[in-house]
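As you go down the protein sequences, you meet chains A and B in turn. The opening position of the first sequence corresponds to residue 1 in the working numbering, with each subsequent residue numbered one higher. The opening position of the second sequence corresponds to residue 1 in the working numbering, with each subsequent residue numbered one higher.
It is worth saying that the hints were derived from the structure and are not from the lab.
Beta-carbon label-pair distances, calculated as ranges:
1. B/E103 <-> A/K9: 26 to 32 Å
2. A/R243 <-> B/D190: 56 to 62 Å
3. B/S383 <-> A/D209: 51 to 57 Å
4. A/N48 <-> B/E103: 36 to 42 Å
5. B/E103 <-> A/E166: 40 to 46 Å
6. B/P232 <-> A/K9: 46 to 52 Å
7. B/K205 <-> A/K164: 29 to 35 Å
8. B/E103 <-> A/E445: 47 to 53 Å
9. A/M13 <-> B/E5: 47 to 53 Å
10. A/K130 <-> B/K193: 43 to 49 Å
These figures come from a predicted structure and were not determined experimentally. Heads up, the beta-carbon is just placed ideally off N, CA and C, and yes, glycines get one too.
Each chain, letter by letter, is given below.
There are 2 protein chains.
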Amino acid sequence: MDSLEQMPKGDTMRLRKRHIGESCKLFYRADPLKIVRAEGQYMFDEKNNRYLDCINNVAHVGHCHPDVVKAGSDQLALLNTNNRFLHDNLVVCAKKLSGLMPEPLSVCFLVNSGSEANDLAMRLARAHTKNHDVITLDHAYHGHLTTLIDISPYKFNHPGGSGKPEWVHVAPCPDVYRGKFRDVDYPNQDLGKKYADEVKNICKKAREDGRSICAFIAESLQSCGGQIITPPNYFRNVYKYVREAGGVCIADEVQVGFGRVGKAWWAFQLQGDDVIPDIVTVGKPMGNGYPVAAVITTPEIARSFRNTGMEYFNTYGGNPVSCAIANAVIDVLEKEKLRDHATRVGNHLLNLARQLATKHILIGDVRGVGLFVGIELVKDRESRTPATAEAQHIITRMKEEFILISSDGPDRNVLKLKPPMVFTHEDAEHVIKILDEVLTEVEDEPPRKINTNSPERRKLEDGYMSCNEKKIRIDDQQKEIISKS
Amino acid sequence: MDSLEQMPKGDTMRLRKRHIGESCKLFYRADPLKIVRAEGQYMFDEKNNRYLDCINNVAHVGHCHPDVVKAGSDQLALLNTNNRFLHDNLVVCAKKLSGLMPEPLSVCFLVNSGSEANDLAMRLARAHTKNHDVITLDHAYHGHLTTLIDISPYKFNHPGGSGKPEWVHVAPCPDVYRGKFRDVDYPNQDLGKKYADEVKNICKKAREDGRSICAFIAESLQSCGGQIITPPNYFRNVYKYVREAGGVCIADEVQVGFGRVGKAWWAFQLQGDDVIPDIVTVGKPMGNGYPVAAVITTPEIARSFRNTGMEYFNTYGGNPVSCAIANAVIDVLEKEKLRDHATRVGNHLLNLARQLATKHILIGDVRGVGLFVGIELVKDRESRTPATAEAQHIITRMKEEFILISSDGPDRNVLKLKPPMVFTHEDAEHVIKILDEVLTEVEDEPPRKINTNSPERRKLEDGYMSCNEKKIRIDDQQKEIISKS
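Just chain A, same shape as in the assembly (with noise of 0.2 Å):
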């Protein structure tokens, strides 16, 4: 495979650490991967190591899949042009978004990534509404511009954030497991009703203080929240009192919709038909890598925008390879059936990861729908407290037997798998029996316990262990007696 690569992986770090922004972080900052191909789940490192790939929700039909591939290379060859221009690319996939959404969902604006879809759902709130104050979940994240940072505790509440602006209200994350409300402490209890509460609360308090709602914005299921499944009832709450209180509903389903769930196209319908944002955003799956997302709403919110006067112009926003490629992706889903694949294989991947947590007191919570699945590590399951380091190292064993995972949550404690959709029950399989393994390691030598206020910590928090520093720095030290033999 060294036909792949242009220069050895050395040179490839170096012109990175010189050329590229340090804010951009590697997977594995210790010891990252150089990856020169891939197909289907399977990822390749220079030297032809084969990884199984269980975190790349943006391959979502499978790396490299033929027809998307096609499809996009025809159109390359054909016409690339603006969406001022007629083309049928844009209009099939508008018309196929549409018919894959509830009514009144049904009017399109094409854009090149979650990031920009979750701003022209802001604009678009706004032009609605007239009001300007946004409504959004602890530990959300919507994205990397800056009136998105605005809207994501992940990033707000964290280093180099700003804190909260005034406009901007939270809301706690409905998690039951680990959130302000938990199952143990509300047995019986409906606690998406609960947790919808604390929107209404805002919804009231925010009245009195003569504020007003422009917008509830939310991940269906949340992700970097934790791989958080969200309880019944509560969008359908949240939505009735964030509607009385003058602002519109927006579902951000950029990670988690075109069918991961299974058995739903888009994750909030899992919370029942009636359940029916005002905004969807869509994204990362949609092009299976390439830069295409939408925002999809009903003819009125598009008419209040179009009314303001202002024309919206995005350079390459459905343009006829977006499309093509978003819709060989929907086709693909559709032809291949990988919304059932993913609830078979995903309720079995569950099932086995539930079978193991009867083994290993490291995991706390199984919970999971379709190929969105979430294995929370904590030291104690009375106190649930979080098992960050365990993660962090497991994450790092994982990737020396070739399989790509990856942890999310505030504490990073919660093992996310949400791999392309064409994942096996042997892949499941597989990556259950070597998680056993190396939980098992784990419990028997639990790793070094860590001050919290360590550099060492602060290398965990960004996710990008370091756990095998020591033994990458003997290699290191016999390369050199090596180089010197």
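Given the structure of chain A, go ahead and fit chain B onto it with the hints provided.
Below, chain B alone, put in the same frame as chain A:
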């Protein structure tokens, strides 16, 4: 060419009206074009009519350039993942970009659009200076995101805009033909310096008001502002004043970069080797239509951003496919010596346009550099009153002659030419020949006077001319007669 359509044009239009937000405008709204393929400087409609493309600066090295198509297609089939893995395409792209910039601009951030680039540039500037206020130019357009509309008078001063935010300061556009300081009024004066003094005054006033300047942002040649050629000594002085005030200088090269100006890679370089911005944003031409853009800055500013501790992650930014395409575009520019070509063809076009100006009183000014050319139409050369309706009529007539040109500037009276860089001498001659004929027509029979507040006027201002609406209505009646017969 029927096989390139998935449905008749009427159906495309109906689906578009139903499923695409109406804020997304079409060119030639009264009779939009359906383009199904393109090659070099030509676009073809569904009836295989060939149009000469004089406006598509995104299809930089020519529509569907085979090298770019091949680079994109090959990489699409091999790997398309995010930049948390090492990849040679990314570092090669960053090295190429850095190599094309003057020192110390050597650190890159890869993103998906010029808008994302400008938003990130603002974030970098804020992290570095810790200030918030931004100086922008009148009539500037920097992108479609919320934060960029805030710094775009072209948007915030127009329908749907909410006016200038408090933290934004607007300096006059350095337009020496119809701007605040005109060449005729200040003969033999350094107008670059004179316009720069306006920025100096803004900095002074801000300080007096207790405000701190974060950044000055400007296109190196203002595009939407009306194909403005920045007068000499402007940026040299502005950059000095802005830096003295504690701000950084951002050059927006999204429209005009990548050799369009011929003699330099970047338009800011036209102002002298000593004129070096702190942050440069690039986009549109970079991907020849593929969504890729970048921010290039100094190690110092990148370090300030890193030191905030906030990670910057852009899902598709710098993926192997975008970078393969960007690298191919740069290679083609070099291999085919397109910068030299742009200088030669651009000079020829300018000369021909200047000859045309001696014949047609409507032409008030001809300006340009390389393949960035503006022909400003005026009703009267003395008062320089903009000939808006005439410009719009000409655009429509040129389309009927299979030439795509457009207009810009606050009064939409500047015909703009910014064709793919493969535009030839013969293309230039053809455009001027047809423009000559159309100008003669208009001068013989000027378009009817239009009330400046009428709906017609508004349509004109949207830039989607309806001069042939009457003709179309007749056509529709004829169709009806035919279909009834």
